[in-house]
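Chemist: Chain by chain, the residues:
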Amino acid sequence: EAEVAQSPRYKITEKSQAVAFWCDPISGHATLYWYRQILGQGPELLVQFQDESVVDDSQLPKDRFSAERLKGVDSTLKIQPAELGDSAMYLCASSLNSRKPQHFGDGTRLSIL
Amino acid sequence: GDSVTQMEGPVTLSEEAFLTINCTYTATGYPSLFWYVQYPGEGLQLLLKATKADDKGSNKGFEATYRKETTSFHLEKGSVQVSDSAVYFCALGTGRRALTFGSGTRLQVQP
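Heads up: the protein sequence lines correspond to chains A and B, in order. Per my numbering, numbering through the first sequence is continuous, rising by one, with the last residue being 128. Per my numbering, numbering through the second sequence is continuous, rising by one, with the last residue being 113.
In isolation and in its complexed conformation, chain B is listed as follows (with noise of 0.2 Å):
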């Protein structure tokens, strides 16, 4: 079946550092592929997406390209800042199918 599987964290880093949290899938057929994010007591807000081979999704700086060949959809962000401090699900979706969830990476950025 499908699955996600995402980089342990909690990732701690500094603000401006550079960003990258890991996510390799496992799909039949050819998956869209998203990024979510949670903030403390809330719910899942889209991030950004990208919906076949070499589509790059962007949205607030971050970025994540959708890599066929190594089945990959890592998300990368140039500078983080504190507001970023969130937990973060990489996800994918096959036709008209709920979305499968990766366990989510808590990132954590210390000002």
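Pulled out of the complex, with its shape left as it was, chain A reads as follows (with noise of 0.2 Å):
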């Protein structure tokens, strides 16, 4: 099992909803990346964190979705509203700083109807 948690493990909604998407990365890593799965694609980056700072999200679509990680420690994903071409896997990464091996979570399907 994954040491990273994720949690729904699936999310099913109407377009135009608001979705969430939670991750408890490994205890004293400092470094968490949310990446978007999109089937029979490799994991592409959404957002990158140092601690509670964002270091890159040039690839979050920020006119929908939004990402915090206020205490450093878990994170939060949101979209809103949800498009159908939202409709993918959500990774969560942790690693214990930016130069260590990541470690991912086992993932949040979401499927936008």
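Derived from the structure by calculation, the hints contain no laboratory data.
Here are the simulated lysine-lysine pairs, DSS-like style, with alpha carbons at most 30 Å apart:
{"#": "1", "chain 1": "A", "residue 1": "K115", "chain 2": "B", "residue 2": "K79"}
{"#": "2", "chain 1": "A", "residue 1": "K115", "chain 2": "B", "residue 2": "K70"}
{"#": "3", "chain 1": "A", "residue 1": "K115", "chain 2": "B", "residue 2": "K62"}
{"#": "4", "chain 1": "A", "residue 1": "K115", "chain 2": "B", "residue 2": "K54"}
{"#": "5", "chain 1": "A", "residue 1": "K30", "chain 2": "A", "residue 2": "K93"}
{"#": "6", "chain 1": "B", "residue 1": "K54", "chain 2": "B", "residue 2": "K70"}
{"#": "7", "chain 1": "A", "residue 1": "K115", "chain 2": "B", "residue 2": "K58"}
{"#": "8", "chain 1": "A", "residue 1": "K115", "chain 2": "B", "residue 2": "K51"}
Two chains, each in its own frame: build the complex with the hints.
Modeler: The following block contains the structure:
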């Protein structure tokens, strides 16, 4: 079982609704990543945190997506409003620091109806 | 920008066959290279890594050698098992940036 905890594992919602995903990284890991993986493709970075600060959100669609890591530990990724094209697996990963290997959670599978 | 190209799948092999999954990359600077494996319904697990040219990463019978001259990091295993059936991702990391992944190669091993 993955040591990075994510919830929920599955989420089905209708377009225009709000959705939120939660990630609890490995204890002591300062760097946290949110990736989106579209079916049949590799993961692509949405946002990278170092402690509580965002260090890269260049690929995050900021008109609808937001992410926070208020205390530098767990993190929440939100989508509002959801669109059909947001259907994907959302993966969280953490690492001791940005130069160390990343450890992935089992992801949240999002389906937008 | 950085990019990773993997051979398209699925790759279908019989048990005990030899496996090669090709991976080439384009990067500025000197990246670290990784292979991750993803089993159905799960996240990615680090399989092996190499941090400099000519390094060989190995784990669970899988091997890959960092070839700077050909910008490649091909994954190999001498004898695959049914339990190796999964999707394999090649990835690179540079400095403090997040990983850049290839599109993945599905491996199906038949008994």
